Amino acid sequence: EAQVTQNPRYLITVTGKKLTVTCSQNMNHEYMSWYRQDPGLGLRQIYYSMNVEVTDKGDVPEGYKVSRKEKRNFPLILESPSPNQTSLYFCASSPSGTWGETQYFGPGTRLLVL
Amino acid sequence: TQLLEQSPQFLSIQEGENLTVYCNSSSVFSSLQWYRQEPGEGPVLLVTVVTGGEVKKLKRLTFQFGDARKDSSLHITAAQTGDTGLYLCAVNTGTASKLTFGTGTRLQVTL
Chain A
1214 EAQVTQNPRY LITVTGKKLT VTCSQNMNHE YMSWYRQDPG LGLRQIYYSM
1264 NVEVTDKGDV PEGYKVSRKE KRNFPLILES PSPNQTSLYF CASSPSGTWG
1314 ETQYFGPGTR LLVL
Chain B
17 TQLLEQSPQF LSIQEGENLT VYCNSSSVFS SLQWYRQEPG EGPVLLVTVV
67 TGGEVKKLKR LTFQFGDARK DSSLHITAAQ TGDTGLYLCA VNTGTASKLT
117 FGTGTRLQVT L
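Residue numbers (my numbering), protein chains in the order written: chain A, 1214 to 1327; chain B, 17 to 127.
In isolation and in its complexed conformation, chain A is listed as follows (with noise of 0.2 Å):
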């Protein structure tokens, strides 16, 4: 079945410990995307990567780190999470990045950073 998987789904941390939410994609997609979804918000995109070995910055990139080792893996690094970034994390895919094709969301990761 073709999907985006994350892990954890729930995740409850302290502040300053570094944390790695994980996403995975089967369908070979090139461009994957990290987003966050805040009530009143809504979903603003963090950092997404064209290609392996090829990120960039989104509009709310502060706090966060990625990195796009293979095609298929595109984790979200917390390196020392704060109060603020207490949310619901979504990673996305789509297979080029081109405006209009379908983005694919995986199911969320709800964080809690106390």
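In case anyone wonders, no lab produced these hints; they're calculated from the structure.
Some hints could be false.
Straight-line C-alpha distance at most 20 Å; calculated DMTMM-like pairs for lysine to aspartate or glutamate [as the list claims (entries may be wrong)]:
#1 Lys1230(A) / Glu1292(A)
#2 Lys114(B) / Asp1251(A)
#3 Lys114(B) / Glu1314(A)
Residues of chain A clear of chain B, computed beta-carbon distances all greater than 12 Å [said to hold, decoys possible]:
#4 Thr1235
#5 Glu1275
#6 Gly1276
#7 Tyr1277
#8 Lys1284
#9 Ser1293
#10 Pro1296
#11 Gln1298
#12 Leu1325
None of these values were measured; they are calculated from a predicted model.
Just so you know, even glycine gets a beta-carbon here, dropped at the ideal spot from N, CA and C.
Starting from the known structure of chain A, arrange chain B on it as the hints suggest.
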């Protein structure tokens, strides 16, 4: 300020009713997408509208792109409980598939 303003923010209706939700902006866009997000899941693309004045139908859902390409509407006929969810509009605001989303309309359809 939000690039895309969606209204209403919340809508609770009974099954069988009709409804319309709106996505408005002061900017002009080459195209616009509508997504539906169900609880505990990621958004799912419903439609992309690309031409001013375009109307697209997806079963009981009718999508319209404004003539000036600044706004869009989604009309649902005879709503069903399965239509419950968060409806999001989105536009491309930069390179590649950089999506900017509206804040959404949360629809609750009850029996």
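Of the numbered hints stated previously, which ones are contradicted by the structure, given in increasing order?
none
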